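Chemist: Chains as they are written, first to last, in the numbering used here: chain H, 63 to 279; chain A, 63 to 279.
Careful, some of the hints might be misleading.
Said to hold, decoys possible - For each label pair, taking beta carbons as the anchor points, the in silico distance ranges come out as:
(1) H/Q200 <-> A/E237: 40 to 46 Å
(2) A/A272 <-> H/D225: 50 to 56 Å
(3) H/G147 <-> A/K66: 28 to 34 Å
(4) A/G141 <-> H/G110: 26 to 32 Å
(5) A/D241 <-> H/E107: 49 to 55 Å
(6) H/D225 <-> A/G110: 44 to 50 Å
(7) A/G141 <-> H/Q200: 39 to 45 Å
Note that these hints are calculated values from the structure, not bench results.
Quick caveat: nothing in here was measured; it's all calculated off a predicted structure.
Built from N, CA and C at the ideal position, the CB exists for glycine as well.
Protein chains: 2
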Amino acid sequence: MRQKTVCILSGGMDSTTLLYHLFDLGDEVLALSFDYGQRHRKELEYAGRTCARLGVRHTAVDISAVGGLLKGSALTSSGIAVPHGHYEDESMRLTVVPNRNMIMMAIAGGYALAEGCDRLAVAVHAGDHAVYPDCRPQFIADFEDALRSGNYGQPSVYAPFLDWTKSDIARLGVELGIDFERDTWSCYEGGEEPCGKCGTCVERAEALAAAARERQR
Amino acid sequence: MRQKTVCILSGGMDSTTLLYHLFDLGDEVLALSFDYGQRHRKELEYAGRTCARLGVRHTAVDISAVGGLLKGSALTSSGIAVPHGHYEDESMRLTVVPNRNMIMMAIAGGYALAEGCDRLAVAVHAGDHAVYPDCRPQFIADFEDALRSGNYGQPSVYAPFLDWTKSDIARLGVELGIDFERDTWSCYEGGEEPCGKCGTCVERAEALAAAARERQR
Numbered sequence: 063m064r065q066k067t068v069c070i071l072s073g074g075m076d077s078t079t080l081l082y083h084l085f086d087l088g089d090e091v092l093a094l095s096f097d098y099g100q101r102h103r104k105e106l107e108y109a110g111r112t113c114a115r116l117g118v119r120h121t122a123v124d125i126s127a128v129g130g131l132l133k134g135s136a137l138t139s140s141g142i143a144v145p146h147g148h149y150e151d152e153s154m155r156l157t158v159v160p161n162r163n164m165i166m167m168a169i170a171g172g173y174a175l176a177e178g179c180d181r182l183a184v185a186v187h188a189g190d191h192a193v194y195p196d197c198r199p200q201f202i203a204d205f206e207d208a209l210r211s212g213n214y215g216q217p218s219v220y221a222p223f224l225d226w227t228k229s230d231i232a233r234l235g236v237e238l239g240i241d242f243e244r245d246t247w248s249c250y251e252g253g254e255e256p257c258g259k260c261g262t263c264v265e266r267a268e269a270l271a272a273a274a275r276e277r278q279r
Numbered sequence: 063m064r065q066k067t068v069c070i071l072s073g074g075m076d077s078t079t080l081l082y083h084l085f086d087l088g089d090e091v092l093a094l095s096f097d098y099g100q101r102h103r104k105e106l107e108y109a110g111r112t113c114a115r116l117g118v119r120h121t122a123v124d125i126s127a128v129g130g131l132l133k134g135s136a137l138t139s140s141g142i143a144v145p146h147g148h149y150e151d152e153s154m155r156l157t158v159v160p161n162r163n164m165i166m167m168a169i170a171g172g173y174a175l176a177e178g179c180d181r182l183a184v185a186v187h188a189g190d191h192a193v194y195p196d197c198r199p200q201f202i203a204d205f206e207d208a209l210r211s212g213n214y215g216q217p218s219v220y221a222p223f224l225d226w227t228k229s230d231i232a233r234l235g236v237e238l239g240i241d242f243e244r245d246t247w248s249c250y251e252g253g254e255e256p257c258g259k260c261g262t263c264v265e266r267a268e269a270l271a272a273a274a275r276e277r278q279r
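Only chain H is shown next, with the shape it has when bound in the complex (with noise of 0.2 Å):
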């Protein structure tokens, strides 16, 4: 049976990945995405085109004043840099929007209900898990008991990348057609350029690469 689904779509790699995914499978997609604030709201240009590509609905939602009240992270304030390394590194930490995930799939189950959607779809993965306690299997387990229980048992939450790393996504992505230099953005900076830098960076070269070489195999 056709599933109506919606798919928190940042514009990155990993959701830019789940949209296809979604797409592939001929689930009836919404795509919904967030302004929060975050220096990189570029990403949600490429959200709107990848869309477009696909015929998808698309519906950006403005929570700046949301993201105005969750200060203390590079994502969403100026004043502190944007730490460069690994997810793994303490200094990520800085990185965290506190309980943005929740607040955001919170919303889109809203949605989902508002639009007799069966599951909510997130781009959660493994790489994730280190630094971001919202992005862990038992967070999404939580988080869709509360769901469920708060609505009459719908919808469902759909996390299919939840134990995969962000290489595994990549290697999906490729198969699925995705020109991911093109059709993504992931740098947490919003410069004209990717900085390469940023933890975000990082991990991107390095998951396609990886993508690469096994290709090459």
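Chain H is already provided as a structure; the job is to place chain A on it using the hints.
Modeler: The following block gives chain A in isolation, referenced to the frame of chain H:
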């Protein structure tokens, strides 16, 4: 030890009593209200005046763009009439805003984390259970699990009225010195005067009458 608490404040009877209760406990309180495009936005003025009276820091956050996604409720859609009667009536399902409490509690949870608060307080009570699943004990327990697993174990959720009737709340409010007529707004219609017929007007009148009867005994 003095706790630091975020209180979700609508400006109605229940959350105003909760705010007074926290103030009475000696908590350091931050009050948070939401403009989600509700017809009865007037309640926010009452919330602001109550905070000014108590000297509590008050923040009203505009999530009306989110309200625009949550169609299908009489509280946010001008095309759907507000039903009359009691919360137990089937027609009251029309006043359910999909996932409303989870959205507000998720944002308040992020705010609590950003402000270094110990807990998040919500005024859900037994009178809400019939029609609103996101006011039931199971939802509150599941939500707290998700909030904590997503954020390194913090903050907790304080819902002291969870098993109380609205009359119990009215009685406590009177004891704490609240003048409900002057200090709170409930009516869903959001007109100049309360309509007296919608679910929340009916429940409010009955609770105040019951509390007054008990005081005369």
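Chemist: Each hint needs a verdict: does it hold in this structure or not?
Modeler: A quick look at each hint next to the structure:
A C-beta distance of roughly 41 Å is found between H/Q200 and A/E237, which places it inside the suggested range of 40 to 46 Å. About 54 Å separates the C-beta atoms of A/A272 and H/D225, a value consistent with the hinted range of 50 to 56 Å. At about 32 Å, the beta-carbon gap between H/G147 and A/K66 stays in the expected band of 28 to 34 Å. Here the CB-CB span from A/G141 to H/G110 is close to 29 Å, well matched to the stated 26 to 32 Å.
Between A/D241 and H/E107, the C-beta spacing of about 52 Å keeps the proposed range 49 to 55 Å intact. Distance hint check for H/D225 and A/G110: the Cβ-Cβ separation is about 47 Å, which falls inside the suggested range of 44 to 50 Å. Taken as a hint, the range 39 to 45 Å holds for the pair A/G141 and H/Q200, whose Cβ atoms sit roughly 41 Å apart.
Every hint, counting from the list given before, is met by this structure.
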